[in-house]
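There are 2 protein chains.
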Amino acid sequence: MDTDQEIMQTEIIIIGNELISGRKRDLNAWYASGCLLSHGLEVSEITTVGDNYDTLSSVLRAAVGRSHFIIVTGGLGPTEDDLTTEIVSKALGRPLFLDETVLDHIKENAEKSGLNWSPSLEKLARLPRGATILDPKGEMCGFSLSEGDSLLYFLPGVPEQMRELMRGFVVPDILRRYRPANIPWHRTLKVYGLSESHIAETFKDLSDELKGVMFGFYPCFPENHITITVRGKNEVEVERESTRAEENIRKLLGPYIFASDDKTMEVIVGESLMERKMTLSVAESCTGGLIGHRLTSISGSSLYFERGVIVYSNRSKVEMLGVKQQTIDSYGAVSDEAVREMAEGIRKIAKTDMGLAVTGIAGPLGGTEDKPVGTVFIGFSVDGNVFSGQYRFSGERDKIKLNTSEMALDWVRRYLNGHSFIPGV
Amino acid sequence: MDTDQEIMQTEIIIIGNELISGRKRDLNAWYASGCLLSHGLEVSEITTVGDNYDTLSSVLRAAVGRSHFIIVTGGLGPTEDDLTTEIVSKALGRPLFLDETVLDHIKENAEKSGLNWSPSLEKLARLPRGATILDPKGEMCGFSLSEGDSLLYFLPGVPEQMRELMRGFVVPDILRRYRPANIPWHRTLKVYGLSESHIAETFKDLSDELKGVMFGFYPCFPENHITITVRGKNEVEVERESTRAEENIRKLLGPYIFASDDKTMEVIVGESLMERKMTLSVAESCTGGLIGHRLTSISGSSLYFERGVIVYSNRSKVEMLGVKQQTIDSYGAVSDEAVREMAEGIRKIAKTDMGLAVTGIAGPLGGTEDKPVGTVFIGFSVDGNVFSGQYRFSGERDKIKLNTSEMALDWVRRYLNGHSFIPGV
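As given, the protein sequences belong to chains A and B, one line each in that order.
With positions in the first sequence counted from 1, the corresponding number in the working numbering is that position plus 1298.
With positions in the second sequence counted from 1, the corresponding number in the working numbering is that position plus 1298.
Read the hints as simulated data drawn from the structure, not as lab findings.
Yeah, the Cβ is synthetic: ideal placement off N, Cα and C, and Gly gets one too.
Any given hint could turn out to be false.
In the DSSO-like style, the derived pairs of lysine-lysine whose C-alpha atoms are separated by at most 30 Å in a straight line are [to be verified]:
(1) K1531(B) with K1322(A)
(2) K1622(B) with K1410(A)
(3) K1322(B) with K1549(A)
(4) K1697(A) with K1561(B)
(5) K1561(A) with K1502(B)
(6) K1697(A) with K1697(B)
(7) K1669(B) with K1575(A)
(8) K1502(B) with K1322(A)
(9) K1622(A) with K1622(B)
(10) K1649(B) with K1622(A)
(11) K1561(B) with K1322(A)
(12) K1388(B) with K1405(B)
(13) K1410(B) with K1502(A)
(14) K1622(B) with K1646(A)
(15) K1322(B) with K1488(A)
(16) K1502(A) with K1649(B)
(17) K1649(B) with K1646(A)
From chain A, some residues computed to sit far from chain B (all C-beta separations above 10 Å) [claimed, not checked]:
(18) L1325
(19) E1343
(20) G1491
If you only want the chain B side, here are some residues facing chain A, beta carbon under 8 Å, derived [said to hold, decoys possible]:
(21) S1342
(22) T1346
(23) T1594
(24) S1611
(25) A1648
(26) P1662
(27) D1696
The whole structure should be built from the sequences, with the hints applied where relevant.
Spelled out as structure tokens, the structure:
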């Protein structure tokens, strides 16, 4: 194998009994392959196996015969079902040794976290001969091994630890050895409020027009994500093609595109509020705190998010927000009238620029003929106006909660950016 | 290969460019392996490849050499990137033929759905020689092939279609040929408040004692899940072994086990509250609504969850909960004194049996030497008492929020079940 050649074969091996028994869905292959591709390295094969000596060793040996870079995750922990190191040691004929530096580091870590030292932790410092530690200061160190023309990277299965090592150590190490000739240009545009088939229809002509551009469509409830990939001979060409593609899509879908790449709806709402130096409070009934949770997932959100109330009972709506008992008696707590009073109420008591409110029937119980499960009202009090709207969302309870929170946040985003709201039923 | 032997090797091959590029997370391997296991068939290996001739044909040939049952999904559609049938035909030396029955069925289907007949649909009726249709009346028919001692099942990649064929045709077909001697018994026990290495230590002796039992350990932040698998010769033995194993673990880990199998912390808390006919209200600062969101993810939670407040600003703590301004001035909003007043305050205004409160520094900003990021206070007002405790959680903002919500809910669970709280720092 020659590192000068155009494409270096890369593969991933995922280890874990829980993953071949349907008990858990893998996150690591998905993350690792995306991470590698964003640096121009295409994965040819992903193999998932249990913590089993025979299968894993034959998979390891087959991979060593055909791939330059092999990412292996899982089975590095302290429990007795963590067998990767032991199997690697036997399969590749490399006896284990106790790495004193790693041992000291693990002891230090345990002390810092106030954990008692337990002998099972010593296992983490036993490595196959020839292993090189990836992150000497990490919670889990990981290691690499060179075998024939292959480089194997062994990472823990815990997604956070795996990702940290992948980003911080594996990818930089690979790129030091092999720099892909051209890195495909990638962008994800996030859309809310349009169905997948509507988007597909819109793209029909566009795909013919933009020949060198690859589009991908991925529903990511309640959003739809569109990926644009451009592979060009040179940077100028890639720049031109990708700009043209993105501009075209933005022209077609306009304000339905709310963010690109890693940004989320709550990040965009937070940025827009910060920019305009405005503050927000929320009154949540059917979402039960989800809107507050999403807003406060952003560091620094206390600058624009003042407070929220989760008014789950009718009494709490009356007592905390000043919703009139008569409104609830006449129209119900899930009504246009109630949600407007909720939005006004929370804005006034919180003394914020905006008050956002939601009430609805998340189900599966509580629906009526008139207001079936999924009926949701959104209210928004701002700049002397109160806006409100009714929606009918489908799906299970968690989907209705998520869609409601997304629509409510989208109202704030659209208001702050001068777009009209997505109309309801 | 002999169908009378104890275990029949089964594997899964998943085809799709989107799955080896991190653009999409696979659902089919996860479903198929769980489905097979529930019928006693263990999957030894899952391979994921792109729509690529070389890779797929070598993967197919390797699988035929080692496995009895091979489930292949993806690449059976009408578009030009659906290459599975063609690759199979070449790799296994079986020329394609046009199956007239399938062709008629597809034409009929297209007519029914009001679709125009397009020649690309004819592709769906071209099958490798020797193929047997799985579902002659399905939207997608699927097919099986017998090759040497192996049986290959080819299914579409669309999850709903794949699942229908799996349940309705593949599993019944396999069970006609091979009836597993015993179906393994499975249980997951969920633990909160003990580290993985602590659990490993605890299990050291247990594993020796319970020889026929297989344990799995899965960190699932902030919880740790322990799976128990028992494979016995007969039902009586399995019953005896599994009961003994579960009893032993429960004796060792006691109240740290909060739920089993599919139940979550919020389900358990809800059930305990319902059982004792008690009501709860929450005051959240650093969790920002997450506790309310988790509680209200359960249908029927309005029976025990009355209201919540997300008191993100100091002013809201004073105005809504009656926390004394002097308490905040003297001790800070993140303090034992403040959280006790919050818990008392929310219980009183909501008139619930219990008031639960959290305040803390979720970071990454806002930490001080005295109260670093991760410092969290929990307060709990119930039956004339106010309990409070201080914790120091590690990790990023989202982990601190999640851990705080879990610990707060665990206080309610432990109180209702007569256990002492997990002590803090």
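Hints, verified against the model:
1. K1531(B) with K1322(A): holds, 27 Å
2. K1622(B) with K1410(A): Distance ~36 Å between K1622(B) and K1410(A) Cα, so the pair is violated.
3. K1322(B) with K1549(A): holds, 26 Å
4. K1697(A) with K1561(B): holds, 19 Å
5. K1561(A) with K1502(B): violated, 45 Å
6. K1697(A) with K1697(B): holds, 23 Å
7. K1669(B) with K1575(A): holds, 29 Å
8. K1502(B) with K1322(A): Holds, at roughly 24 Å.
9. K1622(A) with K1622(B): holds, 29 Å
10. K1649(B) with K1622(A): The given pair, whose Cα atoms are some 20 Å apart, holds under the 30 Å limit.
11. K1561(B) with K1322(A): holds, 15 Å
12. K1388(B) with K1405(B): holds, 27 Å
13. K1410(B) with K1502(A): holds, 24 Å
14. K1622(B) with K1646(A): Holds: K1622(B) and K1646(A) sit about 22 Å apart, inside 30 Å.
15. K1322(B) with K1488(A): Since the Cα atoms of K1322(B) and K1488(A) sit roughly 15 Å apart, the hinted pair holds (cutoff 30 Å).
16. K1502(A) with K1649(B): Cα-Cα ~58 Å, so violated.
17. K1649(B) with K1646(A): Holds, because 24 Å separates the two Cα atoms, which is no more than 30 Å.
18. L1325: Violated, since 7 Å does not exceed 10 Å.
19. E1343: For E1343(A), whose nearest Cβ neighbour in chain B is about 5 Å away, the distance does not exceed 10 Å, so it is violated.
20. G1491: The assertion about G1491(A) holds, with a minimum of 22 Å to chain B.
21. S1342: holds, 5 Å
22. T1346: Status holds, d = 4 Å.
23. T1594: holds, 3 Å
24. S1611: holds, 5 Å
25. A1648: Holds - the Cβ of A1648(B) comes within 8 Å of chain A, reaching about 7 Å at its closest.
26. P1662: Since chain A brings a Cβ to about 6 Å from P1662(B), closer than 8 Å, the hint holds.
27. D1696: holds, 6 Å
Going down the numbered hints, you'll see the structure goes against 2, 5, 16, 18 and 19, while the others check out.
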